[in-house]
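Engineer: Now for the letters of each chain:
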Amino acid sequence: MSRSSATDPAGAPYDVAVVGAGLVGAAIARALAGAHLRVALVEGRADVGDGTSKANTAILHTGFDAKPGTLESRLVARGYTLLSQYARDTGIPVEPTGATLVAWTDEELATLPSSADKASRNGYDACELVDAEEVYRTMPALGPGALGGLTVPGESITCTWTTNLALATDAVRRGADLLRRHEVTGVRPGLDGTTTLDTTAGEVRARWVVNAAGLGADVLDRRFGHDRFRVVPRRGELLVYDKLARPLAPRIVLPVPSKVGKGVLVSPTIYGNVMLGPTAQDLDDRTATGTSEDGFAFLLEKGARIMPALLDEEVTASYAGLRAAVHVDGALFEDYLVDVDAAQRYVLVGGIRSTGLTACLALAEHVTGLLAAAGPGSTGLDLAPRPDLPAAVAMPNLGEAFGRPFADVDAIDRDPEYGRVVCFCERVTAGEIRDALASTVPPADLDGLRRRTRAMNGRCQGFYCGAEVGARLEQGIVDRSGPA
Amino acid sequence: MTAPRHEHVAVAVVGGGPAGLAAAAALAPHVDGEVRVLDREAETGGIPRHSDHTGYGLRDLHRLLTGPAYARRLTDRALAAGAVLRTCATVTGWTPDGHLEVTAPAGRSTLAAGAVVLATGARERPRPARMITGDRPAGVLTTGQLQNLVHLHHRRDVGARAVVVGAELVSWSAVLTLREAGCRTALLVSAHAVPEAAAPVRLAARLGLRTPVATRTRLVAVEGRDRVEAVVLEHLGTGARRRVACDTVVLTGDWVPDHELARLGGLDLDPVSRGPVVDTALRTSRPGVFAVGNLLHPVDTADVAALDGRHVAAAVRRHLAAPVPAAAGVRLVPQAPLRWVAPQLLRAGDPAPPRGRLLLRCDETVTAPVVEVVQDGLVVARRRLPWAAAPGRVFRVPSALLSDVRRDGGDVTLRLAPR
Ligand SMILES: Cc1cc2nc3c(=O)[nH]c(=O)nc-3n(C[C@H](O)[C@H](O)[C@H](O)COP(=O)(O)OP(=O)(O)OC[C@H]3O[C@@H](n4cnc5c(N)ncnc54)[C@H](O)[C@@H]3O)c2cc1C
Ligand SMILES: Cc1cc2nc3c(=O)[nH]c(=O)nc-3n(C[C@H](O)[C@H](O)[C@H](O)COP(=O)(O)OP(=O)(O)OC[C@H]3O[C@@H](n4cnc5c(N)ncnc54)[C@H](O)[C@@H]3O)c2cc1C
Numbered sequence: 001m002s003r004s005s006a007t008d009p010a011g012a013p014y015d016v017a018v019v020g021a022g023l024v025g026a027a028i029a030r031a032l033a034g035a036h037l038r039v040a041l042v043e044g045r046a047d048v049g050d051g052t053s054k055a056n057t058a059i060l061h062t063g064f065d066a067k068p069g070t071l072e073s074r075l076v077a078r079g080y081t082l083l084s085q086y087a088r089d090t091g092i093p094v095e096p097t098g099a100t101l102v103a104w105t106d107e108e109l110a111t112l113p114s115s116a117d118k119a120s121r122n123g124y125d126a127c128e129l130v131d132a133e134e135v136y137r138t139m140p141a142l143g144p145g146a147l148g149g150l151t152v153p154g155e156s157i158t159c160t161w162t163t164n165l166a167l168a169t170d171a172v173r174r175g176a177d178l179l180r181r182h183e184v185t186g187v188r189p190g191l192d193g194t195t196t197l198d199t200t201a202g203e204v205r206a207r208w209v210v211n212a213a214g215l216g217a218d219v220l221d222r223r224f225g226h227d228r229f230r231v232v233p234r235r236g237e238l239l240v241y242d243k244l245a246r247p248l249a250p251r252i253v254l255p256v257p258s259k260v261g262k263g264v265l266v267s268p269t270i271y272g273n274v275m276l277g278p279t280a281q282d283l284d285d286r287t288a289t290g291t292s293e294d295g296f297a298f299l300l301e302k303g304a305r306i307m308p309a310l311l312d313e314e315v316t317a318s319y320a321g322l323r324a325a326v327h328v329d330g331a332l333f334e335d336y337l338v339d340v341d342a343a344q345r346y347v348l349v350g351g352i353r354s355t356g357l358t359a360c361l362a363l364a365e366h367v368t369g370l371l372a373a374a375g376p377g378s379t380g381l382d383l384a385p386r387p388d389l390p391a392a393v394a395m396p397n398l399g400e401a402f403g404r405p406f407a408d409v410d411a412i413d414r415d416p417e418y419g420r421v422v423c424f425c426e427r428v429t430a431g432e433i434r435d436a437l438a439s440t441v442p443p444a445d446l447d448g449l450r451r452r453t454r455a456m457n458g459r460c461q462g463f464y465c466g467a468e469v470g471a472r473l474e475q476g477i478v479d480r481s482g483p484a
Numbered sequence: 485m486t487a488p489r490h491e492h493v494a495v496a497v498v499g500g501g502p503a504g505l506a507a508a509a510a511l512a513p514h515v516d517g518e519v520r521v522l523d524r525e526a527e528t529g530g531i532p533r534h535s536d537h538t539g540y541g542l543r544d545l546h547r548l549l550t551g552p553a554y555a556r557r558l559t560d561r562a563l564a565a566g567a568v569l570r571t572c573a574t575v576t577g578w579t580p581d582g583h584l585e586v587t588a589p590a591g592r593s594t595l596a597a598g599a600v601v602l603a604t605g606a607r608e609r610p611r612p613a614r615m616i617t618g619d620r621p622a623g624v625l626t627t628g629q630l631q632n633l634v635h636l637h638h639r640r641d642v643g644a645r646a647v648v649v650g651a652e653l654v655s656w657s658a659v660l661t662l663r664e665a666g667c668r669t670a671l672l673v674s675a676h677a678v679p680e681a682a683a684p685v686r687l688a689a690r691l692g693l694r695t696p697v698a699t700r701t702r703l704v705a706v707e708g709r710d711r712v713e714a715v716v717l718e719h720l721g722t723g724a725r726r727r728v729a730c731d732t733v734v735l736t737g738d739w740v741p742d743h744e745l746a747r748l749g750g751l752d753l754d755p756v757s758r759g760p761v762v763d764t765a766l767r768t769s770r771p772g773v774f775a776v777g778n779l780l781h782p783v784d785t786a787d788v789a790a791l792d793g794r795h796v797a798a799a800v801r802r803h804l805a806a807p808v809p810a811a812a813g814v815r816l817v818p819q820a821p822l823r824w825v826a827p828q829l830l831r832a833g834d835p836a837p838p839r840g841r842l843l844l845r846c847d848e849t850v851t852a853p854v855v856e857v858v859q860d861g862l863v864v865a866r867r868r869l870p871w872a873a874a875p876g877r878v879f880r881v882p883s884a885l886l887s888d889v890r891r892d893g894g895d896v897t898l899r900l901a902p903r
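From first to last, the protein sequence lines are chains F and C. By the numbering used here, the letter at position 360 of the first sequence is numbered 360, and the numbering carries on one by one without gaps. By the numbering used here, the letter at position 261 of the second sequence is numbered 745, and the numbering carries on one by one without gaps.
If you're looking for bench data, these hints aren't it; they were derived computationally from the structure. All C-beta atoms, glycine included, are put in the ideal place defined by N, C-alpha and C. Treat the hints loosely; a few may be bogus.
As the list claims (entries may be wrong) - Calculated Cβ distances over 12 Å to all of chain C for the following chain F residues:
{"hint": "1", "residue": "121"}
{"hint": "2", "residue": "376"}
{"hint": "3", "residue": "435"}
Said to hold, decoys possible - So, partial list: chain C residues that the calculated Cβ filter (under 8 Å) puts toward chain F:
{"hint": "4", "residue": "488"}
{"hint": "5", "residue": "590"}
{"hint": "6", "residue": "592"}
{"hint": "7", "residue": "625"}
{"hint": "8", "residue": "628"}
{"hint": "9", "residue": "636"}
{"hint": "10", "residue": "744"}
{"hint": "11", "residue": "747"}
Put together the whole structure using the sequences plus the hints.
Structural biologist: In structure tokens form, the structure reads like this:
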């Protein structure tokens, strides 16, 4: 890691420092590194995508239910197109399962036409009203009492981990410096038009700073002298059921939206599981990523209604993610908060609470667009794309519906390590673990390896393979750091 | 994509633990063609490989061995009998033709077999399945993972102070392993009023393990972000909660069969034990597919699993000689507090179950239980057993109690007579 260039105040400053290597920051860093710019991607944690971006429902949203006319509505729709294309280019798995909003009460049934209408106002015209019979035909495992539905054929499932990693990897391959374990603790404006970021691992100096700090965005914003919003984390707890449950959920079951948010959904996951959640609970603690008894009880109650057969299956994972909702003047601000502060050469990208996976590439496009519109004369940034960009990274596939190494005759014949299954439940091979450890953005810990390979994410949670996976991880980290 | 290589054997045994190895050893000398054991681990032997204490082999080998010695002995016997053992070979599913899909470093293949014996064992439910709340710190593991770490990977950095959930045989085995790794067990936690395992407690006392057991208690939450700092316990009677500081939590027992292949193969499953439904010859609902070991009864001791393996050989050989459809059978239905029974089916002309025993689980401790067998409204047998039925271990009932059951009658209820 080029720590010296980052910390040496005498060295040349970066053109842009992007703070936060979640989906949003990684996408922005990748976009900026596509121009002739020196970019630093500054992340406080040991890995990219270790904040909210690792703990979502991983749905590629069409934006059918966004608030029409908002920046979010526009960027989700645009992001859907951009991420679908990027996924094809890099091998991020996407399954176009489609979704159905299911109405369980007359009241809900009555609101479906207005949801279809809202979708149209968001530029999405493929929704269709269906009767109860059709709802049960497409999802026989639904609990009794569904009265009708609205289909959203474009809603798809994807892998948030692979997406975040692909974006960060591309950023690095385009020349950005990824500075992990660099938590920004202070901001100092310099007289030479640069800003110095104090971090837990030294200083980082840059001419522009982009705040993509997610849950930490308001704290960082205040360090630039602003006082305009407050992050109010909204926790979402989720239960993930065994892959053997997957036939129960061929598509995404969405609740009819109500005033209290999106409600609980049942969705297949790209890894072949079924997910139940999320809850929605406003908290003060930005680190409260633990699950709760109330959360579980609520989810089980909802699940018993939506898909009772699901509850007979084994839960193989439970987790909670924190949506970075923002309050402005004490009230929930129902849009993204993107602002360019030209005087301080500082960009805020905040309030990306529940659609940031879908919108990340559109947000990056939007931010570069704003900077480009200001013109190099005022920003000092030349955003013209570089002609010599490396090809997009080819990501290992974690999608259950697509070929994985353990089932690939040719891959195993070429390299027997792809036939050596280490994690039995998820069928992760020694070859994949080795590749992850040797990749451009290697894992720093077990969770990082899990997100890159699925190792230990299965039903046994390490009963069989935990010791072996741990040993391979440690060996990989030793090999990388070389002899002491 | 290139098609996988295709191979053919007489018998494919999936799983090289005690049950699978014993089945292969019993079959190989008598079967015309290859008897092949596939195991996904680098060594055969199953769980005993990393269960490094004595207590293995009594009923099948008539001696007391440590787990690893037992695993080696069963492996040697299978090899000596002429079985072929393939390790690092994971069976991942079935082809539409009913062949096994196998991944190994040597390649991806499909395997056709005259008969398939499933011996895939059982595992402990891990944290998510137990719905334990809190963050996801390191330091929460199952006995399987713990013993893999300590006995196969020789790790000694497990932790300093553990809480062990469960108080059955395997829980005390975990305490021993923790001690070996220099980790003190502060407390065992049992949902039951009486610790599940009586004999192991005595053994533990002899070994100088004076670990207190919190009965009628459940683990609610884990505290800590990077590493476990404490657990929150709740008394099931009073609802009182307390916090116990620890850096390690071992989740023991609460077994679930590794039934993925059984389910993917469309076998009928027992809704409670979640193992495949079998008859007393250990046939599953799919002709030519048999099942043995802890896949059927999560969990009994290894020698019992191995004796399943020996027992199934006769039915497999009969099937290879002339596959005849199994006769209709009557279903055994346990009544609470009996939870499940294996085998579940009685058919005319079938042998008694392995060791002449039905294996059951019981949710309550009942000393000197009176077992009743009821068919079509009549109590056809009743017997007081000298051993107790208790949670956390298998309750064995002599199959002789079924001798008056009509094989063409209605379902048979197994129950404990009220006292
Ligand atoms: C339960 C749930 C379900 C969701 N479902 C979906 C969905 O289905 N589809 C969808 O499109 N979106 C979904 N989302 C939303 C999506 O996950 C988020 O919008 C997205 O992850 C936000 O990305 P981010 O980069 O802004 O934030 P984050 O991923 O939180 O990244 C911010 C990063 O900044 C770092 N950071 C913070 N402060 C500092 C500092 N001072 N110094 C250095 N680094 C710092 C953090 O460590 C973190 O890595 C969901 C969210 C939740 C919680
Ligand atoms: C901590 C602990 C202590 C114990 N102590 C004792 C004791 O003292 N005495 C005693 O008698 N018993 C003891 N037991 C119980 C004993 O270990 C089990 O009863 C015995 O291992 C069951 O044998 P099995 O063959 O049914 O399953 P297992 O031993 O679990 O073997 C199953 C095998 O199948 C393989 N397999 C599974 N799926 C596949 C697949 N898809 N492809 C290829 N291979 C596959 C696995 O790798 C494994 O090797 C203990 C158990 C534990 C966990």
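Engineer: If a hint holds in the structure, say so; if it does not, say that too.
Structural biologist: How the hints compare with the structure:
1. 121: It holds; residue 121 of chain F is separated from chain C by about 40 Å at its closest Cβ, greater than 12 Å.
2. 376: 44 Å, holds
3. 435: 16 Å, holds
4. 488: This hint holds: residue 488 of chain C lies near chain F, its Cβ roughly 5 Å from the closest one there, short of 8 Å.
5. 590: 7 Å, holds
6. 592: 5 Å, holds
7. 625: 6 Å, holds
8. 628: With Cβ-Cβ at 4 Å, under 8 Å, it holds.
9. 636: 6 Å, holds
10. 744: 7 Å, holds
11. 747: It holds, given that the least Cβ distance between residue 747 of chain C and chain F is near 6 Å, below 8 Å.
Checked against the numbered hints above, the structure violates none of them.
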